[in-house]
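Q: Residue numbers (the numbering used here), protein chains in the order written: chain R, 43 to 141; chain W, 810 to 932; chain S, 318 to 816.
One thing to keep in mind: the hints can contain errors.
Unchecked claim - Derived EDC-like pairs (lysine to aspartate or glutamate); straight-line CA-CA distance at most 20 Å:
| hint | chain 1 | residue 1 | chain 2 | residue 2 |
| --- | --- | --- | --- | --- |
| 1 | R | Lys-128 | S | Asp-479 |
| 2 | R | Lys-128 | S | Glu-478 |
| 3 | S | Lys-731 | S | Glu-688 |
| 4 | S | Lys-731 | S | Asp-605 |
| 5 | W | Lys-926 | W | Glu-908 |
| 6 | W | Lys-873 | W | Asp-885 |
To be verified - Computed spacing ranges between beta-carbons, pair by pair:
| hint | chain 1 | residue 1 | chain 2 | residue 2 | range |
| --- | --- | --- | --- | --- | --- |
| 7 | R | Ile-70 | S | Pro-558 | 24 to 34 Å |
| 8 | S | Asn-384 | R | Asn-68 | 29 to 39 Å |
| 9 | W | Leu-891 | S | Ala-783 | 44 to 54 Å |
| 10 | W | Glu-900 | S | Val-516 | 32 to 42 Å |
| 11 | W | Ala-888 | S | Ser-802 | 45 to 55 Å |
| 12 | W | Leu-897 | S | Leu-347 | 34 to 44 Å |
| 13 | S | Ile-761 | W | Lys-873 | 48 to 58 Å |
| 14 | W | Leu-897 | S | Glu-686 | 45 to 55 Å |
| 15 | W | Ala-888 | S | Arg-427 | 35 to 45 Å |
| 16 | R | Val-133 | S | Gly-515 | 30 to 40 Å |
| 17 | S | Glu-686 | R | Ile-70 | 26 to 36 Å |
| 18 | R | Val-133 | S | Leu-347 | 31 to 41 Å |
| 19 | W | Glu-900 | R | Val-135 | 52 to 62 Å |
| 20 | W | Leu-897 | S | Arg-427 | 40 to 50 Å |
What the hints assert, rightly or not - In silico contact screen, one side only, chain W against chain R (beta carbon under 7 Å); selected entries:
| hint | residue |
| --- | --- |
| 21 | Val-877 |
| 22 | Ile-879 |
| 23 | Met-883 |
| 24 | Leu-886 |
| 25 | Val-896 |
Hint data in this document are derived by calculation from the structure and do not stem from the laboratory. The model shown is predicted, which means the values in this text are computed figures rather than measured ones. No residue lacks a Cβ here, since even glycine has one placed at the ideal position from N, Cα and C.
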Amino acid sequence: MPLDHLLIVAFVLFVVGAAGVMVRRNLIVVLMSIELMLNAVNLAFVSFSRQMVDHDGQVMVLMIFVVAAVEVAIGMAILVNMYRQKRSLSVDVFHSMRG
Amino acid sequence: MSAQYLPVLFAFMGAIGFMAVMLGLNHLLGPKPKAALTPAVKFEPFECGVPALQRDNRRRISVKYYLVAILFVMFDLEAVLLYPWAVLYRELGLFGLVELVVFLISLVVGLIYAWRKGALEWQ
Amino acid sequence: MPTDLHFSLMIPELVVLGSAVLVLLLDAVLHGGGPRPGEEDPRDTTLALSVVGCVVAAAWIPAVLWNIEGPRSSFNGLFVADRFSLFFKLVVLVGAALSLLLSDSWLRRRRLSSGAAHALVLFATSGMMYMVSAGDMVTLFLGLEVMSIPVYCLAALLRWEDRSVEAGVKYLVLGAFATAIMLFGFALLYGYQGLVGGVATTQLEPLQTTLMANAEALPLYARAGGLLVLIGLLFKISAAPFHMWTPDVYEGAPLPFVAFMSVAVKATAAAVLLRVFGGPLLAVLGLDGMLWVVAAFTMVVGNFMALVQDNVKRMLAYSSIAHGGYILVGVLAGSAEAQAGVLYYALAYTVGNVAAFAVLVYLSRQGHEAERFSDLQGLGARHPLVGGVMVLAMLSLTGIPPLVGFFGKFVIFKAAVAQGYVGLTILALLTSAVSFAYYLRPVIALFMRPTVGCEVAVIPVNRRVALCMGLTSLAICALGVFSESYLGWLSSAVLALAG
Chain R
43 MPLDHLLIVA FVLFVVGAAG VMVRRNLIVV LMSIELMLNA VNLAFVSFSR
93 QMVDHDGQVM VLMIFVVAAV EVAIGMAILV NMYRQKRSLS VDVFHSMRG
Chain W
810 MSAQYLPVLF AFMGAIGFMA VMLGLNHLLG PKPKAALTPA VKFEPFECGV
860 PALQRDNRRR ISVKYYLVAI LFVMFDLEAV LLYPWAVLYR ELGLFGLVEL
910 VVFLISLVVG LIYAWRKGAL EWQ
Chain S
318 MPTDLHFSLM IPELVVLGSA VLVLLLDAVL HGGGPRPGEE DPRDTTLALS
368 VVGCVVAAAW IPAVLWNIEG PRSSFNGLFV ADRFSLFFKL VVLVGAALSL
418 LLSDSWLRRR RLSSGAAHAL VLFATSGMMY MVSAGDMVTL FLGLEVMSIP
468 VYCLAALLRW EDRSVEAGVK YLVLGAFATA IMLFGFALLY GYQGLVGGVA
518 TTQLEPLQTT LMANAEALPL YARAGGLLVL IGLLFKISAA PFHMWTPDVY
568 EGAPLPFVAF MSVAVKATAA AVLLRVFGGP LLAVLGLDGM LWVVAAFTMV
618 VGNFMALVQD NVKRMLAYSS IAHGGYILVG VLAGSAEAQA GVLYYALAYT
668 VGNVAAFAVL VYLSRQGHEA ERFSDLQGLG ARHPLVGGVM VLAMLSLTGI
718 PPLVGFFGKF VIFKAAVAQG YVGLTILALL TSAVSFAYYL RPVIALFMRP
768 TVGCEVAVIP VNRRVALCMG LTSLAICALG VFSESYLGWL SSAVLALAG
């Protein structure tokens with residue numbers, strides 16, 4: 043598979059994820075969109091890595107995997123707290139601070 | 810290179826097309842019962858399952874599962890970092906083993922913390 | 318057996334990490350299941366352990382590593398312990414130790430388990446130390462996350478408080494978003510280095526060499542990669558227009574940890590900006606124009622928004638955005654003097670800001686946060702020494718000679734003019750003048766407002782916070798007065814970056 047096609051897929055995934063972060067209101071979906079962006083990054087790294095027969099990019103991908111999982115774990119913990127507080131997971135309930 | 814997969818693509822397109830044609834014909838030609846005039850029995854499943862026991866099947870799941878799930882995700886994914894070591898463990902020798910033990914000890918510290926803080930209790 | 322392992326270079330990091338793990342274990346073993354009433358909790362032990370860890374790590378740097386012979390890079394370029402990174406490690410460790418001192422009484426008053434908080438600060442500190450030492454995308458990314466994830470937790474530490482949880486969510490979502498953007502940039506640059514540079518590697522130095530060598534004909538995706546990495550870092554340094562999260566996070570997060578976040582995260586982001594984009598690379602990537610606009614916008618937004626706040630924490634948040642703008646001026650100028658100025662500025666900002674937060678922590682009491690200007694009314698007259706520390710901090714942050722803040726600005730602006738950024742420097746001077754107006758407000762609130770119908774509280778002496786205030790005030794004066802003697806020392810740190 044040519045490098046260009048893989049990169050185009052990665053780019054599309056990244057843009058879809060970024061759009062999701064900016065447009066969606068539900069914070070769980072926002073976290074999922076961030077995961078999508080990270081997976082786009084992973085795809086870009088492995089495609090370059092495959093093209094150039096090099097392992098550095100794959101190491102990076104492993105690290106991104108692990109860190110993404112940790113980020114989600116922390117994110118879910120904070121979101122559960124938020125749900126207990128506000129009974130909602132929508133970004134619309136953010137109004138305690140302004141200015 | 811990708812030409813050899815063309816038959817697969819054709820098979821897929823054939824399957825999808827056949828399905829679309831069948832459903833479309835059914836939609837066009839089949840009788841459409843009017844809800845008000847049809848006996849209720851017509852809407853029940855026929856030879857393909859039983860009536861649903863409750864209307865809303867989306868039950869809430871206890872929030873306790875989430876803690877277990879999060880702990881699982883973290884400890885599970887750390888296993889990914891063992892793969893590079895597994896590939897190279899002969900070359901790395903004793904040094905690699907020591908590094909691995911250090912890594913695993915740091916995971917055990919996390920486990921001890923979760924255990925002592927009561928994250929593993931179920932009640 | 319792999320070669321090129323110099324564990325001795327990362328002794329400070331290992332000390333900090335080790336004490337973090339010990340604190341966590343102590344907290345879990347002695348204090349499992351949360352605080353019980355009437356139980357003596359081990360917070361004194363964990364606090365002592367954390368502060369000692371930071372101090373030992375900080376002392377090791379000038380004592381051993383600064384003048385070390387032999388290689389300064391290790392693990393095949395993953396980890397670089399040059400003087401530049403050592404200096405930033407010192408700044409970060411100072412910020413961490415002072416915030417730990419501040420946090421103790423604050424947490425105690427809220428009956429919060431502090432072991433976890435101390436461990437989080439230490440973990441974040443170790444992440445920052447790895448990040449400023451990063452010679453490779455992998456170390457940079459891991460350091461960034463080891464820094465960010467504990468800081469998200471610190472922001473959301475008061476989990477029953479609306480504002481704290483909100484701060485945590487906002488910081489997490491925007492921080493993770495910024496990280497993803499930066500990583501995509503790294504992916505593109507990795508591809509560029511492999512395809513054009515010939516040697517596929519995630520190391521930063523070969524990448525910079527390749528970019529400089531092909532300055533004439535950079536493909537679009539290399540420029541885009543640089544842009545994305547820059548945007549990710551600008552998020553972290555909270556430069557406008559990527560600053561939206563800062564005021565809310567600073568307002569909602571627990572007071573002592575805001576001090577930590579504001580100084581240490583910003584210093585780290587500045588260090589990484591210098592390491593990745595230092596020197597002429599910005600212009601090669603065609604990003605200098607964009608950074609010019611961002612720096613100008615940041616200074617204007619930060620200073621003018623700070624004018625209209627009535628919450629001191631929010632005011633300090635906007636002022637921290639403004640200081641990020643001055644740091645960006647130094648990064649943009651890019652000469653050796655400008656980079657030395659950025660180092661100096663990071664230190665000046667750290668001591669000044671921590672002093673201001675120390676005063677706020679000191680004046681907060683049970684059920685009464687010193688958050689709004691009205692909360693400070695008349696307290697200076699009752700506690701003149703505390704008020705004096707606030708005056709010093711504010712004057713230093715404004716940049717009044719001979720305090721340390723003045724020399725920070727002076728060095729950066731001089732270097733910027735020398736590099737031809739006259740317009741930007743004039744803007745920086747004007748906005749500095751504006752900053753005087755809002756830095757005066759807490760001082761006025763402390764001393765001059767009459768307190769009609771409101772009883773001025775007598776605040777019991779808190780030795781740890783007092784120690785913190787004393788140390789920072791001393792640093793504000795001494796670092797300013799004796800600035801000549803160690804500017805040369807800083808230049809040697811920057812030379813390490815260049816060569």
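Q: All hints are to be evaluated individually against the structure, with a verdict given for each.
A: Here's how the hints hold up against the structure:
{"no.": "1", "hint": "R:Lys-128 x S:Asp-479", "verdict": "8 Å, holds"}
{"no.": "2", "hint": "R:Lys-128 x S:Glu-478", "verdict": "10 Å, holds"}
{"no.": "3", "hint": "S:Lys-731 x S:Glu-688", "verdict": "36 Å, violated"}
{"no.": "4", "hint": "S:Lys-731 x S:Asp-605", "verdict": "18 Å, holds"}
{"no.": "5", "hint": "W:Lys-926 x W:Glu-908", "verdict": "28 Å, violated"}
{"no.": "6", "hint": "W:Lys-873 x W:Asp-885", "verdict": "19 Å, holds"}
{"no.": "7", "hint": "R:Ile-70 x S:Pro-558: 24 to 34 Å", "verdict": "27 Å, holds"}
{"no.": "8", "hint": "S:Asn-384 x R:Asn-68: 29 to 39 Å", "verdict": "55 Å, violated"}
{"no.": "9", "hint": "W:Leu-891 x S:Ala-783: 44 to 54 Å", "verdict": "49 Å, holds"}
{"no.": "10", "hint": "W:Glu-900 x S:Val-516: 32 to 42 Å", "verdict": "22 Å, violated"}
{"no.": "11", "hint": "W:Ala-888 x S:Ser-802: 45 to 55 Å", "verdict": "53 Å, holds"}
{"no.": "12", "hint": "W:Leu-897 x S:Leu-347: 34 to 44 Å", "verdict": "40 Å, holds"}
{"no.": "13", "hint": "S:Ile-761 x W:Lys-873: 48 to 58 Å", "verdict": "53 Å, holds"}
{"no.": "14", "hint": "W:Leu-897 x S:Glu-686: 45 to 55 Å", "verdict": "54 Å, holds"}
{"no.": "15", "hint": "W:Ala-888 x S:Arg-427: 35 to 45 Å", "verdict": "38 Å, holds"}
{"no.": "16", "hint": "R:Val-133 x S:Gly-515: 30 to 40 Å", "verdict": "46 Å, violated"}
{"no.": "17", "hint": "S:Glu-686 x R:Ile-70: 26 to 36 Å", "verdict": "32 Å, holds"}
{"no.": "18", "hint": "R:Val-133 x S:Leu-347: 31 to 41 Å", "verdict": "40 Å, holds"}
{"no.": "19", "hint": "W:Glu-900 x R:Val-135: 52 to 62 Å", "verdict": "54 Å, holds"}
{"no.": "20", "hint": "W:Leu-897 x S:Arg-427: 40 to 50 Å", "verdict": "49 Å, holds"}
{"no.": "21", "hint": "Val-877", "verdict": "12 Å, violated"}
{"no.": "22", "hint": "Ile-879", "verdict": "5 Å, holds"}
{"no.": "23", "hint": "Met-883", "verdict": "5 Å, holds"}
{"no.": "24", "hint": "Leu-886", "verdict": "4 Å, holds"}
{"no.": "25", "hint": "Val-896", "verdict": "10 Å, violated"}
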